[in-house]
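Participant: Residue strings, one per chain:
Protein chains: 2
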Amino acid sequence: MKPYREMSKEELRSELEELKKSYYDYQGMELNLNMARGLPCRDQLDLSMGMMDALYSGADLSCEDGTDCRNYGVLDGIHEAKVLLGDMMENHPDNLIIYGNSSLNVMYDTVARAMTHGVMGSTPWCRLEHPKFLCPSPGYDRHFTITEYFGIEMIPVAMTPTGPDMDEVERLVASDDMIKGIWCVPKYSNPQGISYSDDTVRRFARLKPAARDFRIFWDNAYGIHHLYDDHQDHIIEILAECKHAGNPDLVYKFASTSKITFPGSGIAALATSENNLVDIKKQLRCQTIGHDKVNQLRHVRFFKNINGMHEHMRKHAAILRPKFETVEEILQNDLGELEIGSWTKPRGGYFISFDSLPGCAKSIVDHAKKAGVTMTGAGATWPYGKDPEDKNIRIAPTYPPLADLTTAAKLFTVCVRLVSAEKLLGEM
Amino acid sequence: MKPYREMSKEELRSELEELKKSYYDYQGMELNLNMARGLPCRDQLDLSMGMMDALYSGADLSCEDGTDCRNYGVLDGIHEAKVLLGDMMENHPDNLIIYGNSSLNVMYDTVARAMTHGVMGSTPWCRLEHPKFLCPSPGYDRHFTITEYFGIEMIPVAMTPTGPDMDEVERLVASDDMIKGIWCVPKYSNPQGISYSDDTVRRFARLKPAARDFRIFWDNAYGIHHLYDDHQDHIIEILAECKHAGNPDLVYKFASTSKITFPGSGIAALATSENNLVDIKKQLRCQTIGHDKVNQLRHVRFFKNINGMHEHMRKHAAILRPKFETVEEILQNDLGELEIGSWTKPRGGYFISFDSLPGCAKSIVDHAKKAGVTMTGAGATWPYGKDPEDKNIRIAPTYPPLADLTTAAKLFTVCVRLVSAEKLLGEM
Numbered sequence: 018m019k020p021y022r023e024m025s026k027e028e029l030r031s032e033l034e035e036l037k038k039s040y041y042d043y044q045g046m047e048l049n050l051n052m053a054r055g056l057p058c059r060d061q062l063d064l065s066m067g068m069m070d071a072l073y074s075g076a077d078l079s080c081e082d083g084t085d086c087r088n089y090g091v092l093d094g095i096h097e098a099k100v101l102l103g104d105m106m107e108n109h110p111d112n113l114i115i116y117g118n119s120s121l122n123v124m125y126d127t128v129a130r131a132m133t134h135g136v137m138g139s140t141p142w143c144r145l146e147h148p149k150f151l152c153p154s155p156g157y158d159r160h161f162t163i164t165e166y167f168g169i170e171m172i173p174v175a176m177t178p179t180g181p182d183m184d185e186v187e188r189l190v191a192s193d194d195m196i197k198g199i200w201c202v203p204k205y206s207n208p209q210g211i212s213y214s215d216d217t218v219r220r221f222a223r224l225k226p227a228a229r230d231f232r233i234f235w236d237n238a239y240g241i242h243h244l245y246d247d248h249q250d251h252i253i254e255i256l257a258e259c260k261h262a263g264n265p266d267l268v269y270k271f272a273s274t275s276k277i278t279f280p281g282s283g284i285a286a287l288a289t290s291e292n293n294l295v296d297i298k299k300q301l302r303c304q305t306i307g308h309d310k311v312n313q314l315r316h317v318r319f320f321k322n323i324n325g326m327h328e329h330m331r332k333h334a335a336i337l338r339p340k341f342e343t344v345e346e347i348l349q350n351d352l353g354e355l356e357i358g359s360w361t362k363p364r365g366g367y368f369i370s371f372d373s374l375p376g377c378a379k380s381i382v383d384h385a386k387k388a389g390v391t392m393t394g395a396g397a398t399w400p401y402g403k404d405p406e407d408k409n410i411r412i413a414p415t416y417p418p419l420a421d422l423t424t425a426a427k428l429f430t431v432c433v434r435l436v437s438a439e440k441l442l443g444e445m
Numbered sequence: 018m019k020p021y022r023e024m025s026k027e028e029l030r031s032e033l034e035e036l037k038k039s040y041y042d043y044q045g046m047e048l049n050l051n052m053a054r055g056l057p058c059r060d061q062l063d064l065s066m067g068m069m070d071a072l073y074s075g076a077d078l079s080c081e082d083g084t085d086c087r088n089y090g091v092l093d094g095i096h097e098a099k100v101l102l103g104d105m106m107e108n109h110p111d112n113l114i115i116y117g118n119s120s121l122n123v124m125y126d127t128v129a130r131a132m133t134h135g136v137m138g139s140t141p142w143c144r145l146e147h148p149k150f151l152c153p154s155p156g157y158d159r160h161f162t163i164t165e166y167f168g169i170e171m172i173p174v175a176m177t178p179t180g181p182d183m184d185e186v187e188r189l190v191a192s193d194d195m196i197k198g199i200w201c202v203p204k205y206s207n208p209q210g211i212s213y214s215d216d217t218v219r220r221f222a223r224l225k226p227a228a229r230d231f232r233i234f235w236d237n238a239y240g241i242h243h244l245y246d247d248h249q250d251h252i253i254e255i256l257a258e259c260k261h262a263g264n265p266d267l268v269y270k271f272a273s274t275s276k277i278t279f280p281g282s283g284i285a286a287l288a289t290s291e292n293n294l295v296d297i298k299k300q301l302r303c304q305t306i307g308h309d310k311v312n313q314l315r316h317v318r319f320f321k322n323i324n325g326m327h328e329h330m331r332k333h334a335a336i337l338r339p340k341f342e343t344v345e346e347i348l349q350n351d352l353g354e355l356e357i358g359s360w361t362k363p364r365g366g367y368f369i370s371f372d373s374l375p376g377c378a379k380s381i382v383d384h385a386k387k388a389g390v391t392m393t394g395a396g397a398t399w400p401y402g403k404d405p406e407d408k409n410i411r412i413a414p415t416y417p418p419l420a421d422l423t424t425a426a427k428l429f430t431v432c433v434r435l436v437s438a439e440k441l442l443g444e445m
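Each protein sequence line maps, in turn, to chains Z and X. Quick note: to get our numbering, add 17 to the position in the first sequence (first position is 1). Quick note: to get our numbering, add 17 to the position in the second sequence (first position is 1).
With the rest of the complex left out, here is chain Z (with noise of 0.2 Å):
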């Protein structure tokens, strides 16, 4: 096969009589996949079912220090879950809170109080006429949907294979002291499993930003998800880093283990620095008495420590590595030479991400519906849902059986394939 754009005309229509049969047949199969959202499958789950036993009746649920995990107390989370979480993060017990069950909750409660009680003392962001959140795009449409909720405006910056386009986070946010956050998925970005390189982090860690209630939602939810034990992305610590470079209240980091144990059962956790903290607890005192510590004490107990983490990701990563290898071959199969699209290759994470050529997304995406195969909606990936080229689509190869994933990600070349030769047809 030739690149479409050096199809002729009768080539080209020849092709989408093709296609258009092959499509036809998807539809009569009356499927009904998923590559929608970053869930973890069956096999996965069924990784963490030891889980179940690591407390039982007979166990005693006290910590170390003897504080009784089954009472109220212990606002901040029990030291134990600190260790194994921080040794997670790469951060220190001290910098850590553990929460409840999302870090999503967490990342939607901290604007929360930025917006009713500002940030360290700052006016609250609710009583500002106009604040505004950077978000490198595409990006994960969770977040973006909280600063919406918020009424904070946001403002697209762009995605590079290194990170967020620096020179631009560093121009607006010198410039603009209604610029309050950014919006960051440091490690195997979601959806296009990007990490940051080391300039990245570091221009990150030495920003200036005009408002001194600036902090960057750094959502490291991907740390340790890798796919290959050889090949794995690392980036800087951004704590320690933002601390060198004198900015050390810079970072609200947050992390979970929704996607290394149950998602919806695990534990959050925040890092950030200790002015940051004591600004968080005074809230968090109103909020709870504290977080679910049996089930910080159940996690504990069945990785025992970083190691046995590290063991348990990589069965995960067994278990995805086939799915995504997959879907990139058939992509690289299916459309390797037609230049009418293009994906990343991510080394861990959830996604990959898929940008066809301008005004196919949403297209793309209804006729892969239409043929029984839902995607993430086209435009989830940006700002209000507004993709300004209409060209991204996330592909979350986790969760459908492979030979599930097959036949969805088959059709969705087809898809691909279909609505690029009847766009470039109508060109003609």
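All clues stand as given, with none of them false.
As the list makes no split between identical chains, a pair holds if one copy fits it or if it spans any two.
Derived lysine to aspartate or glutamate pairs resembling DMTMM-like cross-links, with alpha carbons at most 25 Å apart:
| hint | residue 1 | residue 2 |
| --- | --- | --- |
| 1 | K321 | D70 |
| 2 | K298 | D158 |
| 3 | K299 | E170 |
| 4 | K408 | E35 |
| 5 | K37 | D383 |
| 6 | K386 | D85 |
| 7 | K379 | E47 |
| 8 | K299 | D158 |
| 9 | K298 | E170 |
| 10 | K403 | E187 |
| 11 | K332 | E346 |
| 12 | K386 | E406 |
| 13 | K332 | D85 |
| 14 | K379 | D158 |
| 15 | K332 | D77 |
| 16 | K332 | E107 |
FYI, nobody ran anything at the bench for these hints, they're computed from the structure. Note that the structure is a prediction, hence the values are computed from the model and not measured.
Assemble chain X onto chain Z, guided by the hints.
Facilitator: Frame of chain Z; chain X shown alone:
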């Protein structure tokens, strides 16, 4: 003994001398006892250890409808948890949202949401000059902490043996549209153990607040926390009563299993009208993907149904009843004839409320503290920690073992007598 006020100066002086000796004896014992917070004791926690076996590595963690509790999803809780907590709260499962580990957190989030987004489309409370809450007092300090944190002015309303002074509540909510809510613990109230009379509940359901975004925060924390099998308080179910009265959206009702299974590792719920649920879920879906379904399932599998829960509560009662009765007996024996204090005799809940002579509570609590017995800080049961008569003391008899509790209660009566005798002598 005769009432202190009927004693002569000499009698009272000699009584004071005796009391001081007794007090110094207690100081010499170097006690370290705690009657400050409503903590279940170790024996109570042991009752729920079986819950740690309710789920195990070989168990199927699926709901009846096939939902895999281990994965993401189900924003408002699994159906069987709604049935269980619905039965507990006397509400239809469809009127419930199941949350995480803390109903206090749900109440905080409910106020926080109203601050930034109002209630069912009303002006966000943070945009108002002066939002206010009614606070029946004495009441629960952590309620007051929430409204204080958000800068909501708190107006105390007197508690009577049948609940809040409803004449006052009706008058205030009808006359001031800045009054946006009221904190209620309607059954076995904190700290008095009072249950609202039928008339009180009916008048609540028929309130005509000037503010259409006024809500009753109905914290039914002790709904099934009886001390006796035969003498139990019953209150009218508020949601149904509000519906009857044509005020279906007036109430947010909260509950949790914190003092049924493990505090901090239970499940919380909110019950309210369909309109309120729609309003709440709009926000909730921005805040989280869902709460801990595995823990919801664990509770359901452990209790099976509401009968299992009631059976379980009888075991709690068997542990708590002697503690309450011991304290009441000591109060009666040591103070019964002296007319220097009164106290409640609740049939459920977690507290006994003690009223000293005016101006004595802080000093009594200080004296107890200096002899090694920590009580809830005097004033804590009032908004801003300010008990206008300095007389209310919350006694929490649940946590200490019976022997320690006996010592602590006896010391407490010594402190009451000592401080009262000094006060009366000073007035002679």
